[in-house]
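*Asks:* Spelled out from the first residue to the last, the chains are:
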Amino acid sequence: MSSSAVEAEAPDLVCQLDNVQGMVDALSAVRWKRHQDAVVELSEHGVVLIVEDTGCLQAKVYLQRELFVRYEYHAEGRPRFGVSLGLFVDCLNSFSAPGRSSMIEIQYPGPDMQLLIKSVDSLDACIYAEIRTRIPDTISWDYNFEPAGSTPLTFTVKSAALKEAIDDLEWPGSSIQINLQPDPPCITFKGEGHGDLQIDFTYYVNTDLVIAFHCDCQVSYRYKYKFLRATTSNLPSSVIKDNRGSKLTIGRGGMLKVQHLVSVARSATSHPHIDFAGHQQPSRIAYIEFFVKSEVDE
Amino acid sequence: MKFKAFLTEHGVNLLERRFLPALDKMGKICHLFLTRDHAIFLHNLLNGDGVQCIAQFRNEALFDDYRISSQNEDRIAFAIDVSLLFRAVRSSVSICTEFGNGPSANRLQIKLVKKLPLNCTQPMPFLTFETKGYKSAVIQDVPISKPLSRAQVLELQTALELAQDIPQTLVQVPDLNQLQNFVERMKQVGDLLNVSISKYGDLHVQISTTLITLGAEFRKLLVIGEHAEAPSDDRNQSAQTRSERAISRGDAQRVQVSVKHFSRSLHCHLAKPDCTFYGIAPQGSCLTVIFQFFIPGTHQTDKSISLHCRLPVLDPGSS
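One line per chain: the protein sequences are A and B, in this order.
Using our numbering, the first residue of the first sequence is number 487, and each one after it goes up by one.
Using our numbering, the first residue of the second sequence is number 47, and each one after it goes up by one.
Derived by calculation from the structure, the hints in this document are not laboratory data.
As the structure is a prediction and not an experimental result, all values here were calculated from the model.
Please note that a few of the clues may not be correct.
[Unchecked claim] With a straight-line Cα cutoff of 20 Å, these simulated SDA-like cross-link-like pairs (lysine to any residue) come out:
#: 1; chain 1: B; residue 1: Lys71; chain 2: B; residue 2: Gln338
#: 2; chain 1: B; residue 1: Lys233; chain 2: A; residue 2: Gln522
#: 3; chain 1: B; residue 1: Lys306; chain 2: A; residue 2: Asn579
#: 4; chain 1: A; residue 1: Lys519; chain 2: B; residue 2: Gln234
#: 5; chain 1: A; residue 1: Lys604; chain 2: B; residue 2: Lys233
#: 6; chain 1: A; residue 1: Lys519; chain 2: B; residue 2: Lys233
#: 7; chain 1: B; residue 1: Lys266; chain 2: A; residue 2: Val606
#: 8; chain 1: B; residue 1: Lys266; chain 2: A; residue 2: Ser605
#: 9; chain 1: B; residue 1: Lys233; chain 2: A; residue 2: Arg517
#: 10; chain 1: A; residue 1: Lys727; chain 2: A; residue 2: Ile697
Sequences and hints are given; from them, build the entire structure.
*Replies:* Printed below as a string of structure tokens:
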């Protein structure tokens, strides 16, 4: 039907989303400081946004294609571009109006390699944006996460409890030790600085907080507080409200992986007359991953 | 120089629930200009780089038993802190409703007085609110500036007359809350807002920096004044192209204003206007927002109340 010339001009990605606030929430979760450069990678499976800090902390937001109402991918390979995360989030936020869901279309690239966003749900009122993109920097540090041994060292706690614990550790500050021991199964966060603070999550005692625990040998690693804090500092309120859990895994060399789930589902009340999916699909979740490098003991 | 009046119930409602909350957002200090027929609240008319805001009431809209006299044709003007005025009115209202008894008991009197405050040798001017309850009377003194001199009043009067020019084309914004919501979020992205208004009924606001362009276009709005048919071939264009074309045809004007000013002017919706119109003054001298109020229960303009804002233009643009 279409000539090859037209096909060559088709943008790498045109996608539509009906829950802007969910996307804002997911992207805000990896916003831990004012100016952050992000790399966005597009593929047929979805959109991944990556941010990084001083070779010690990396965060990824996975927006799978299932989150989008429409997802048209035309590129070969995996196109990447750089964008200011703050600007991207603030801009997306302009499309989200409280009390009503708004449909947006995202396109990359525009005629000048911009990221184009526009609202598509009203003919007589249109919001549009063009964000300048950059050629992305190469990721300075390889975050290949490998399991530490044959059994994974992992535990899942309520996101709210994790955030609270990490917030409380601000007082001792600087360096936080995370200790996992199998018998009795227990996770300990310990801060030593301006005074000491130790927070224990004992598996059998805090069953409502600790949902899962796998550990066959005692391990202990230290992490810089500011990086640990970044993993929960901007956790969207919907995560707490939905009473979700966060999964933490310690890999080879003590690398800590923190995973959160953020709902990008259309809110049930906002659009009762339109019913695309019929019910809230379980797949309408954005996956957030943080990788924190452990501190090397001198 | 004398001023004394009673605030009517309607007047109290207008001030306490609607206008003072809106005016409070426009800036801390305003001028209150009282004449034989009108009471006018003026923001930034004499010292002018902020948003000019003019709220004018016919005396009957606020007061009864209105008495004013001065050697300057019965005109009195002074500067007053809006938030203090707001607080005084609010607490007077609460006293009235708490202790009020009978039709005349809960009347709120307002008058201009000179008093000698504690630790002062010079008497100072105040606007005094007197509420007579069942057994008690509460008096609140709101400090005001020295009344403006004859020359200053003339200056204020001239500025007020100059601020009355009406744009040739006005478009009606149907949903002020939606616009305010958008502009509040837009503020994060940049400082300068391009506003273009066309005779076709298009309102286009846009922030453009080196990194981002973010805009909103509202089309097919009600037009008052000069209007024109939108060319049909514009329909499939982008908002930006449409604006450019309309400007080059002479069917639209564009000005640049501060996003902060624009957002501040939107706070006037606290006054609960029935309609809001945006227009660009001749020669692109300012962006004008006119709020219209209906007589309750009708669609007729209440001519005893008027409110409008004038936003200074930062760049004359392509008018």
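*Asks:* Does each hint fit the structure? Answer for all of them.
*Replies:* Hint check results:
1. B:Lys71 <-> B:Gln338: Roughly 19 Å separates the two Cα atoms, so the pair holds.
2. B:Lys233 <-> A:Gln522: At roughly 19 Å apart (the allowed maximum being 20 Å), glutamine 522 (chain A) and lysine 233 (chain B) satisfy the hint.
3. B:Lys306 <-> A:Asn579: Roughly 18 Å separates the two Cα atoms, so the pair holds.
4. A:Lys519 <-> B:Gln234: Given that 20 Å is the threshold and the Cα spacing comes to 15 Å, the pair holds.
5. A:Lys604 <-> B:Lys233: 18 Å, holds
6. A:Lys519 <-> B:Lys233: 19 Å, holds
7. B:Lys266 <-> A:Val606: 17 Å, holds
8. B:Lys266 <-> A:Ser605: Since the Cα atoms of lysine 266 (chain B) and serine 605 (chain A) sit roughly 17 Å apart, the hinted pair holds (cutoff 20 Å).
9. B:Lys233 <-> A:Arg517: The given pair, whose Cα atoms are some 19 Å apart, holds under the 20 Å limit.
10. A:Lys727 <-> A:Ile697: 17 Å, holds
Hint violations for this structure: none, all hints satisfied.
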